[in-house]
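> Sequence:
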Amino acid sequence: MPSPGSVVLAASALTAHSWLAPVARTAGPRPGSLRAEPVVSPFEAGENSATAASEAAASLGELEFTPASVDEVLNRVRPYLVADGGDVAVVEVRSETKDVVLRLEGACGSCPSSTTTMKMGIERVLRERWPDLGSVSRDTDPENQIFDVETVENLLAPIAGAVTKLGATLTVKSAGDEPGLVEILYKGPENVRYGVELSLLDSPLVTEVRWLSA
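Following the numbering used here, the numbering of the sequence shown begins with 995 at its first residue and continues without gaps.
Keep in mind that the hints are not guaranteed to be accurate.
Have a look at the derived ranges for each label pair, beta carbon to beta carbon [claimed, not checked]:
1. Arg1097 to Glu1202: 25 to 31 angstroms
2. Pro1152 to Arg1097: 17 to 23 angstroms
3. Trp1205 to Trp1124: 45 to 51 angstroms
4. Glu1099 to Ala1151: 19 to 25 angstroms
5. Lys1159 to Arg1204: 23 to 29 angstroms
6. Asp1126 to Glu1147: 37 to 43 angstroms
7. Trp1205 to Pro1152: 19 to 25 angstroms
Hints in this document: simulated from the structure, not taken from any laboratory. Backbone N, C-alpha and C define an ideal beta-carbon position, used for all residues, glycine too.
Whole structure, please, built from the sequences with the hints as guidance.
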């Protein structure tokens, strides 16, 4: 069994991306440390922003369902996003199903209130314009992402250097043969393997990591 010190070392080296090992998660802010003000969706505090955006979109008249017209409607939402350092871009418009895939940019992309922004602001305005609208989703949602070996390798890229320095080697053998399943050929310390697994499971695309012995 690895020593506690080695677990902490591996966790420190592998947490350069988006997850923290259990030990690190328990640590609170240092006394006197500054905390950033939370970012709040412009559509969370009340109805004013969403109503104003809807009224502005309604003034556009009849519009065909095309990427350009969707973007034109979003122009009525953008001022509220830009004011908070964010934006929205049209990724895909599916005319047969009337589904829309969007990308939240800037502060909106990482904002904890991004779901509110999508539902109460952007989706509301689009659905009022096109009542038979299909789904409105983000490009980062699992259903809009390709899940293959290259995708998993990209997920591992930020920690690849630390994995090597800690004496481990790994090769992604398969991804998506079963929903959410990744198979990895691995050789190295157990605590590093544990760190890699936590990093992968941090992605909504991955639900299981199957380890193969090198």
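> Each hint should be assessed against the structure and marked as holding or not.
Structure-based check of all given hints:
{"no.": "1", "hint": "Arg1097 to Glu1202: 25 to 31 angstroms", "in the structure": "28 angstroms, holds"}
{"no.": "2", "hint": "Pro1152 to Arg1097: 17 to 23 angstroms", "in the structure": "20 angstroms, holds"}
{"no.": "3", "hint": "Trp1205 to Trp1124: 45 to 51 angstroms", "in the structure": "47 angstroms, holds"}
{"no.": "4", "hint": "Glu1099 to Ala1151: 19 to 25 angstroms", "in the structure": "22 angstroms, holds"}
{"no.": "5", "hint": "Lys1159 to Arg1204: 23 to 29 angstroms", "in the structure": "25 angstroms, holds"}
{"no.": "6", "hint": "Asp1126 to Glu1147: 37 to 43 angstroms", "in the structure": "40 angstroms, holds"}
{"no.": "7", "hint": "Trp1205 to Pro1152: 19 to 25 angstroms", "in the structure": "20 angstroms, holds"}
In summary, this structure violates none of the numbered hints.
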